[in-house]
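S.K.: Next come the chains, spelled out residue by residue.
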Amino acid sequence: MIIGTVKGTIVSTRKCSNLIGFKLLLVEPYYGNKKNIFVAADSIGAGIGELVLVTTDETTQHALDKAAPIDAYIVGIVDAPPQTGK
Amino acid sequence: MIIGTVKGTIVSTRKCSNLIGFKLLLVEPYYGNKKNIFVAADSIGAGIGELVLVTTDETTQHALDKAAPIDAYIVGIVDAPPQTGK
Amino acid sequence: MIIGTVKGTIVSTRKCSNLIGFKLLLVEPYYGNKKNIFVAADSIGAGIGELVLVTTDETTQHALDKAAPIDAYIVGIVDAPPQTGK
Amino acid sequence: MIIGTVKGTIVSTRKCSNLIGFKLLLVEPYYGNKKNIFVAADSIGAGIGELVLVTTDETTQHALDKAAPIDAYIVGIVDAPPQTGK
Amino acid sequence: MIIGTVKGTIVSTRKCSNLIGFKLLLVEPYYGNKKNIFVAADSIGAGIGELVLVTTDETTQHALDKAAPIDAYIVGIVDAPPQTGK
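Chain order of the listed sequences is A, B, C, D and E. Each residue of the first sequence is one higher than the one before, starting from 1 at the first, in my numbering. Each residue of the second sequence is one higher than the one before, starting from 1 at the first, in my numbering. Each residue of the third sequence is one higher than the one before, starting from 1 at the first, in my numbering. Each residue of the fourth sequence is one higher than the one before, starting from 1 at the first, in my numbering. Each residue of the fifth sequence is one higher than the one before, starting from 1 at the first, in my numbering.
Calculated from the structure, these hints are not laboratory results. Any given hint could turn out to be false.
Since the list gives no way to pick one copy over another, a pair counts as held whenever it fits inside one copy or between any two copies.
[Claimed, not checked] List time: in silico BS3-like cross-link candidates among lysine-lysine, alpha-carbon distance up to 30 angstroms: (1) LYS7 to LYS66; (2) LYS66 to LYS23; (3) LYS7 to LYS34; (4) LYS35 to LYS7.
The model shown is predicted, which means the values in this text are computed figures rather than measured ones.
Start from the sequences, fold in the hints, and give me the full structure.
M.R.: Below, the structure is given as structure tokens:
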């Protein structure tokens, strides 16, 4: 999974019917190239500035109640910035 | 999902039978390396210059009426350029 | 999907039985880093130098008559070099 | 699969219900760009500093008892640092 | 699929039960960034120094007798180094 920071929201009025009801958030990767911002669907209520855990590709479907064309899905809010020092 | 800008269309006369009927659009990533242009299928009528939301890999299938060899699919038109400032 | 140019063929005598019968072509990406040449299976008769449309990962299976361990599959021949101007 | 080094743990109190019970570890790639740290779920007890084998995307599901939104899963502990010299 | 050169083997004593019996090989990409070495499972007997054809992600499953958490699988030995001239 990817750790990212929520940077904003995306509004799409004309969209696939099975995307209706999902909040679409802009997520900036916490590690690696921060320029590779992507859009993740959310249903646990992540807010701007929060650190989130995102799962990708077909594995997103295992967190959904029914299938949807979503390749990045917020599956958790990270409690505290990760520590990788040792 | 990826946000991208529609830059053109692709015509392929000789193609898999289950690609027939899909519009094939060139999409330039809005974030990250703009040189990584790819082809996405569309059925919601995105036009050149419009900002679109693209889902990838097997998750595309959840937006299709029947299975097709499509690994990038336009699932929404983005209303306004994303704001990531804060 | 990826647009690429067919650059050559690959011969593999010792291979998985469900790869038998597929032509294996070397494909150079048309956009992005041209060094990332990959192998795509083909059954529509693409020739060296031709511009092709390639689908990837599990979506390849939707173009196959039966399942095969193929993660890149040529699903179309592109009629003319893409125009992305404007 | 990817070889990586376990660098830390991630705590997420608010998360998808089917992620409950998995340990979430920060993994640094052993090869390639070490900055691309990611989160992998673990159930075999990898510890910080250990070298692990990680499988990705939907293939993670074949190591799980039931489906979960996990796109990186630790499937083995590597006995000794890999030798690639020849 | 990816063409790669077998550079070594990986031993993992503590691993998922459905990885038992697979040989785990270190594979260096032939094209692109050679530093992105990865681990592929093998059951056709590839040896160190040999050029192999690797399929990735969920498509690996179509070469396996039963499902396994393997995202890179050697599906062929390449007869001769690829020629991409012209």
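S.K.: Give the relationship of LYS66 and LYS23 under a CA distance limit of 30 angstroms: within one copy only, between copies only, both, or neither.
M.R.: Both: 16 angstroms inside a copy, 26 angstroms across copies.
S.K.: If the cutoff is 30 angstroms on CA atoms, where do LYS7 and LYS34 land: within, between, both or neither? Let me know, please.
M.R.: both (11 angstroms within a copy, 20 angstroms between copies)
S.K.: Given a CA cutoff of 30 angstroms, do LYS35 and LYS7 count as a within-copy pair, a between-copy pair, both, or neither?
M.R.: both (12 angstroms within a copy, 21 angstroms between copies)
S.K.: At most 30 angstroms between C-alpha atoms: does LYS7 with LYS66 qualify within a copy, between copies, both, or neither?
M.R.: within (27 angstroms within a copy, 33 angstroms between copies)
Every hint from the earlier list agrees with this structure, and none is contradicted.
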